[in-house]
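Participant: The lines below spell out each chain.
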Amino acid sequence: MLRGADILLRCLRAEGVDLVFGYPGGAIMPLYDALEGSGVRHILTRHEQGAVFAAEGYARATGKTGVAIATSGPGATNLITGIADAKMDSVPLVCITGQVRSALIGSDAFQETDVFGMTLSLTKWNRLVKSLEEIPEAIAQAFYWARSGRPGPVVLDFPVDFLKASMDFKGPATFKPHPESAPASELTFETTLIALLQQAKKPVALVGAGAKLSGASKDLQELLDVLKVPAFATVHGLGAVKQESPYYLGMVGMHGTRAANMALHDTDLLMVFGARLDDRVTGDPSRFAPNAKIVHFEIDPSQLDRVRTCELPVIGNLAETIPAFLNEVRHAHLPNWREWREETCSADRAEPPLSGPAQPTRRFLDELFHRLPKNSTIVTDVGQHQMWSAQRYRKNAERGFITSGGLGSMGFALPAAVGVQLAKPTEKVLCVSGDGGFQMNIQELATVHRLGLPIKMVIIDNKYLGMVRQWQQLFYDRNYAETDLSDNPDFVAIGRAYKIRSFAVNEEELQPETLSDETVKRLNDFLSSPEPELLVFECHPEANVYPMVPAGAALSEMVFEEE
Amino acid sequence: MQVFHIRYRNTQGTLMRILGAVSRRGLDLPFVQAEPEQHAHAVTILLDVNAKQVGQLYRDWRAVVDVVDVRAGAPIADWDHSTFNTPHPPTSVGGDNAAQAARA
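Residue numbers (numbering that gives the first Met the number 0), protein chains in the order written: chain A, 0 to 562; chain S, 0 to 103.
If you're looking for bench data, these hints aren't it; they were derived computationally from the structure. Glycine included, every Cβ here is placed at the ideal spot set by N, Cα and C. Wrong hints could be hidden among the right ones.
[Stated by the list, open to error] Some residues of chain A that are not near chain S, with every Cβ distance over 10 Å (derived):
id: 1; residue: L34
id: 2; residue: G116
id: 3; residue: K123
id: 4; residue: D299
id: 5; residue: D304
id: 6; residue: H330
id: 7; residue: A480
id: 8; residue: F502
[Unchecked claim] Derived lysine to aspartate or glutamate pairs resembling DMTMM-like cross-links, with alpha carbons at most 20 Å apart:
id: 9; chain 1: A; residue 1: K227; chain 2: A; residue 2: E243
id: 10; chain 1: S; residue 1: K51; chain 2: A; residue 2: D277
id: 11; chain 1: S; residue 1: K51; chain 2: A; residue 2: D299
id: 12; chain 1: S; residue 1: K51; chain 2: A; residue 2: E136
id: 13; chain 1: S; residue 1: K51; chain 2: A; residue 2: E310
id: 14; chain 1: S; residue 1: K51; chain 2: A; residue 2: D304
id: 15; chain 1: A; residue 1: K175; chain 2: A; residue 2: E136
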């Protein structure tokens, strides 16, 4: 006879789970009681939001399913932002929540919330487990839906009495979906797509997260090397295309490169590989790629035609559809788009020389990124530093740039970096946050210290809620309402209070063309230290991220560095 | 106005997910009827939607795990709103018994 909690952990092990993130409480206590000897390592964070972001970081870094555990009521509600984050960015996540005793459900009991109802719109699938016997099947189904098709979050809510009760355990369950539930795969597109390519004068390729999630980056690179069409990436697609590819134009979208945005605006055939055409990428949807036919390679049919009707949907996993397409392309007679490629890379589409108040920060990021080893991972929070980091990212590691894109959750980076470092214990993890976002999960410094995780944490401290301040400057007549963070605490002192080596660098040190030996040594020591480190970079308070496509503008209407 | 007929396996929350796809778009639900149908369940929904919303809803519903089939009927030009849109009577109507009980 085994307790429900023991059965749950055995089923997690059967799904390949050996690491979970969580925070205990009353309704989930039986599960914590069963942890010892279960083979599942539990990482205690200091807030449930930290646990779910850490589980996300782990999943984003590995492609495995992250697991976060919380108690009922406020524990469960603290997971909500992370669940929404995982849904937007297609992260496979299983959240396990305790629930009050089954007889009390619906009575507004202590620490009772309707987690099932709350997470319906944020999950691929969820379940309030209603019996002990259901546990193996619920776990099997949860992991199936989290991983299959477009990955995403699921929630399992366990009344505490089922975790405490015992039964004869016959072994983990397996789950097979109904045949009609399996994602459709349409591989009959080849002739039409080749015909579209043969007619196109200005084709381009947009690469999104799906290229990485599907494991199809290598095939995609080969396809792009054959096609030689201008290509660019969303923020989640960074690293999927080799940066040094001669046709690669960088990141596209609101803060994308001029070359990428102009090419996307001018194209007559847009091939989308695993991107959902989010409004940060399209700009004004009514003026998005006005002359283009769209071919959309996508695993999730609900993402098709959101912005505009595509001429040719190619529904399926990129791991299957790209090789099929590549095979056809190899045998097809296609135009040579050399003139178009040259146009997209012409001098008048190059980035303007970098200058202005943001230059020291960009330089600082360049100096750090340049010193990182090849297989490092950069994790960013949300805001100006995120965009500067994405713009300066030059590595080719497939899962090397991790950020909260679709939901844009501040506070993401520090706990996510915990998950990433645990997933990649021998690799360098650089965590870049702003002064606003870092404070939202600052308590996870305790997690970093307890585990001795050698994360290199950077705070870009401009003493403002920077991205909001930028919009207030540009669109609200500099009315800096409630974005002033000039009374920030001493982050260096806080880092040291958490027993983490901490120091500050100011932007004057990044002004000279050649950095001083002292600055170089400090940066090198910071990055090479085997311990966790915190570096606070004090920068100009009113630096802005450029280029920028203002809200409601077309991609061709970028604004560059102000005069 | 348009009628949608969705077949689904009546697993936990599936009907709520189907209705959630409507409610998240701020659409009114003048008519909903769910009932067993053959080996599954079916829900009939009447909505006032444009062509773009039809496409969005269709795709959202198909993405729900236990939805089996989605069909849309032809748009209904002359829908009699009065049948289902009569205002609810005020709470005081028929409330005498409740009021008496409260004073007891």
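Participant: Now look at each hint and say whether the structure bears it out.
Facilitator: Against the structure, the hints come out as follows:
Separation of L34 of chain A from chain S is adequate, the least Cβ-Cβ distance of about 28 Å exceeding the 10 Å criterion. Remark: the non-interface label on G116 of chain A conflicts with the geometry, its nearest Cβ contact in chain S lying 7 Å away (cut-off 10 Å). In this structure K123 of chain A is not separated from chain S by more than 10 Å, as the shortest Cβ-Cβ distance comes to only about 7 Å. For D299 of chain A, the non-interface assignment is contradicted: its Cβ lies about 7 Å from the closest Cβ of chain S, within the 10 Å cut-off.
Look at D304 of chain A: its CB is around 6 Å from the nearest CB on chain S, not clear of 10 Å, so calling it non-interface is violated. Against chain S, the non-interface label of H330 of chain A holds: every CB pair exceeds 10 Å, the least being about 33 Å. With a closest Cβ-Cβ approach of about 28 Å to chain S, A480 of chain A is found to remain outside the 10 Å limit, as its non-interface label requires. F502 of chain A, annotated as away from the interface, keeps every beta carbon of chain S farther than 10 Å; the closest lies near 47 Å.
A hinted pair counts as satisfied when its Cα atoms are at most 20 Å apart, and K227 of chain A with E243 of chain A qualifies at roughly 13 Å. For the proposed pair K51 of chain S and D277 of chain A, the alpha carbon gap of about 17 Å is at most 20 Å, so the pair holds. Between the alpha carbons of K51 of chain S and D299 of chain A the distance comes to roughly 18 Å, so the proposed pair stays at or under 20 Å and holds. Proposed proximity of K51 of chain S and E136 of chain A is contradicted: the alpha carbons are some 38 Å apart, above 20 Å.
With a C-alpha separation of about 16 Å, the suggested pair K51 of chain S and E310 of chain A falls inside the 20 Å cut-off, and the hint holds. Restraint check: the Cα-Cα separation between K51 of chain S and D304 of chain A comes to about 9 Å, which is no more than 20 Å; the hinted pair holds. With a C-alpha separation of about 10 Å, the suggested pairing of K175 of chain A with E136 of chain A holds against the 20 Å cut-off.
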